[in-house]
Amino acid sequence: MKKSMIGALAVSTMLTPVAASAQTEIQFWHAFTGRLGELVAAQVEEFNASQSDYVVVQSHKGNYSETLNAGIAAFRAGEQPHILMVFEVGTATMMAAQGAVRPAYEVMAQSGGSLDQDAYIGAVKGYYTSTEGDMLSLPFNASTPVLWVNRDAMAAAGVDPDTDLSTWQNVDAVLTALQEGGEDCPLVTAWQSWIHLENFSAYHDVPFASQDNGFAGLDTELMLNGEAQIAHLTAMGQWAQDGKFIYTGRRNEGGANFRSGECALFTESSAGYAGITAEAEFDFDVRPLPYWEGVGNAPQNTIIGGASLWVMEGHEADEYMGAGAFLNFLSSSDVQAKWHQDTGYLPITAEASAATAASGFYEANPGTDIAVIQMTANEPTANSKGIRLGSFDQIRGIIDEELEAIWAGDKSAQEAMDSAKERGDALLRRFEAANR
Amino acid sequence: MEKRVIFRGWLLPALLIAPQVLISAVFFFYPAGQAIWQSLFIPDPFGLSSQFVGLGNFEFLLSDRFYRASFATTAVFSILVTLCSMIPALFLAVIADRLIKGSGVYRTMLIWPYAVAPAIAGVLWLFMFNTRVGVVSWYLGTLGYDWNHVLNGGEAMGLVVVASAWGRISYNFLFFFAALQAVPRSVIEAAAIDGARFWKRFWTIVLPLLSPTTFFLLVVNVVYSFFETFGVIHTITSGGPQQSTTILVYKVFSDGFVGQDLGSSSAQSVILLVVVGLLTIIQFKFVEKRVHY
Chain A
1 MKKSMIGALA
11 VSTMLTPVAA
21 SAQTEIQFWH
31 AFTGRLGELV
41 AAQVEEFNAS
51 QSDYVVVQSH
61 KGNYSETLNA
71 GIAAFRAGEQ
81 PHILMVFEVG
91 TATMMAAQGA
101 VRPAYEVMAQ
111 SGGSLDQDAY
121 IGAVKGYYTS
131 TEGDMLSLPF
141 NASTPVLWVN
151 RDAMAAAGVD
161 PDTDLSTWQN
171 VDAVLTALQE
181 GGEDCPLVTA
191 WQSWIHLENF
201 SAYHDVPFAS
211 QDNGFAGLDT
221 ELMLNGEAQI
231 AHLTAMGQWA
241 QDGKFIYTGR
251 RNEGGANFRS
261 GECALFTESS
271 AGYAGITAEA
281 EFDFDVRPLP
291 YWEGVGNAPQ
301 NTIIGGASLW
311 VMEGHEADEY
321 MGAGAFLNFL
331 SSSDVQAKWH
341 QDTGYLPITA
351 EASAATAASG
361 FYEANPGTDI
371 AVIQMTANEP
381 TANSKGIRLG
391 SFDQIRGIID
401 EELEAIWAGD
411 KSAQEAMDSA
421 KERGDALLRR
431 FEAANR
Chain B
1 MEKRVIFRGW
11 LLPALLIAPQ
21 VLISAVFFFY
31 PAGQAIWQSL
41 FIPDPFGLSS
51 QFVGLGNFEF
61 LLSDRFYRAS
71 FATTAVFSIL
81 VTLCSMIPAL
91 FLAVIADRLI
101 KGSGVYRTML
111 IWPYAVAPAI
121 AGVLWLFMFN
131 TRVGVVSWYL
141 GTLGYDWNHV
151 LNGGEAMGLV
161 VVASAWGRIS
171 YNFLFFFAAL
181 QAVPRSVIEA
191 AAIDGARFWK
201 RFWTIVLPLL
211 SPTTFFLLVV
221 NVVYSFFETF
231 GVIHTITSGG
241 PQQSTTILVY
251 KVFSDGFVGQ
261 DLGSSSAQSV
271 ILLVVVGLLT
281 IIQFKFVEKR
291 VHY
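Just so you know, the protein sequences line up as chains A and B, in that order.
Residue numbers for the first sequence follow the numbering used here, so the first one is 1 and each next one is one higher.
Residue numbers for the second sequence follow the numbering used here, so the first one is 1 and each next one is one higher.
This list has only true hints and no planted wrong ones.
Interface residues of chain A toward chain B, partial, derived using beta-carbon atoms under 7 Å:
(1) Asn69
(2) Ile72
(3) Phe75
(4) Arg76
(5) Gln394
(6) Glu401
(7) Ala405
(8) Trp407
(9) Asn435
Listing some non-contacts, in silico: residues in chain B with all C-beta distances to chain A over 10 Å:
(10) Arg4
(11) Phe7
(12) Leu15
(13) Leu16
(14) Gln38
(15) Met109
(16) Ile120
(17) Phe127
(18) Ala178
(19) Ala190
(20) Val276
(21) Leu278
By construction, these hints were calculated from the structure, which means they are not laboratory data.
We put the CB at the ideal spot given by N, CA and C, even for glycine.
Excised from the complex, chain A in its bound form (with noise of 0.2 Å):
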């Protein structure tokens, strides 16, 4: 046994150099485990089988923040990958890094590729271009938040399951009836920070940060105590000293007690629906994220989290060519279409959300053309193009601190507010410092 093992072992180690030495090896980090690492696997094999040039290697680093922290330390060591996934918080901390980087249009467009830029998606592309309008990474899973709704736990607690949630003034008479009805848990969310002051700021088109989210330059503060935000944190602290919000903790605790049933309302990301489907026993609905009427200039659009690809510097040109090449792979109509039906993300490109039409999937799959809908309804302003800042994850640490004492009834929307903009703004300072 043992000896057949050491056997195998050698054989195999023999084999690997050989078959890789003829190829250009491309490696690519990535922090999806689960359905979606066997999605990307899939898709890294699909490339590596229609060429013969590049062979791309994929690896799992961990979640979001490992797998950067993974990149960064190993560019300190200079054994950095040549694509590395990011998480749209760490955006800023990568387009700080020149030097570190090498612009995705680039390199696409080295290898050949027929970049157009235009083709790919306003709200989705804004997020990852330069101030010229240059994309510097290639956005990979892209998602927004949107409301699911457990239709039985509405119709169990004596409301209509198909009354009309399209704003939090609909929602909050609902999430009365609800708990009169006899529902413990009328609304949950996930990522509270990106539901409901970041998205919540761009889809009433009022500034999250000064100069322009920060995507105009490092000297940006923190706008997120404006009227707007306060008002709706206001009523949602109100809502959880009521008992009609739960909340459940800062990541996507509260998906849980979504999929089992318990919970009514549910603001989440829309890339949820992988979850959703194959777990919830009752029957849902996928609706457009509330907006308050007559506030701002709501429905103006949302916009997007998840990650995106970057290219980092230190390699050998022709390995370049591979990661474009892999790129341009990513990018294209098919592929992009079939990873949006599978995941749920949004498709990058027009022509990929065309051809998913055309394929009759929203048909098929109602709700699934929502998100791409409420992201596309309107052209991003400059305050619902995306954020920019650095030190995010940091900042939205304490967002998170500063909501939980709202939730907890321990300061008043104003007051926490007021803090987090203290607090942000001087790690921004900081940033700034840093990248002077």
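Assemble chain B onto chain A, guided by the hints.
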């Protein structure tokens, strides 16, 4: 008179202490020096550029009231973890010491939790106290207590303390148990003949004789609660709700490895180094005076 062996020449003694000096230099002095050096800069995450700021990082930290508040959080956390891991350990050791049959099994079982990694221990406790599916929180619910460590800072602190102390009880138990075995039977028997009851004997004879062990464990446990508990905190609360479980070392970890703010993170490690150094000096200066060897 004290007996001393004196080496002739310096080569052999130098060689003999070389491994220890080398290990200390490579694994302690060099990284500590690096931390002190880096704490003077604000570097960018990729190491491409950095700004010299002198003591700017320290200024930034100490003017942050949330950072100052985390000193108090750390103090509360460390005291609770030390007490919660030492008192039950001593109690269990005393009971095990009195066992005649089956003490081997009992001892082995008590040592098990020590083998569980802090992060895993955190997940185990998190499952039991999960607000939705946790066994303990369900029982508390039936008793009419609404457990919610996701929003209640006090409950969150209690949970991380228990999870951090749990595995440590085993470690402390081992030391207390060994120390108890070393207490001379004749002294205890003499006291018993004089009519001293168990508790009297414990307070006046056993506990004073245990004091070197207790002191050692006090130092070790304080250092443990300062440095090795961030795995538990990371898995259970991530420092929340609000900042109620953000202890100093967790902030070093999250600012450095999540926030990529290496300057601030280094400055925090330097502050932590000073704090623990001072604590150890205090312990040796004042607490050790009451220790009888």
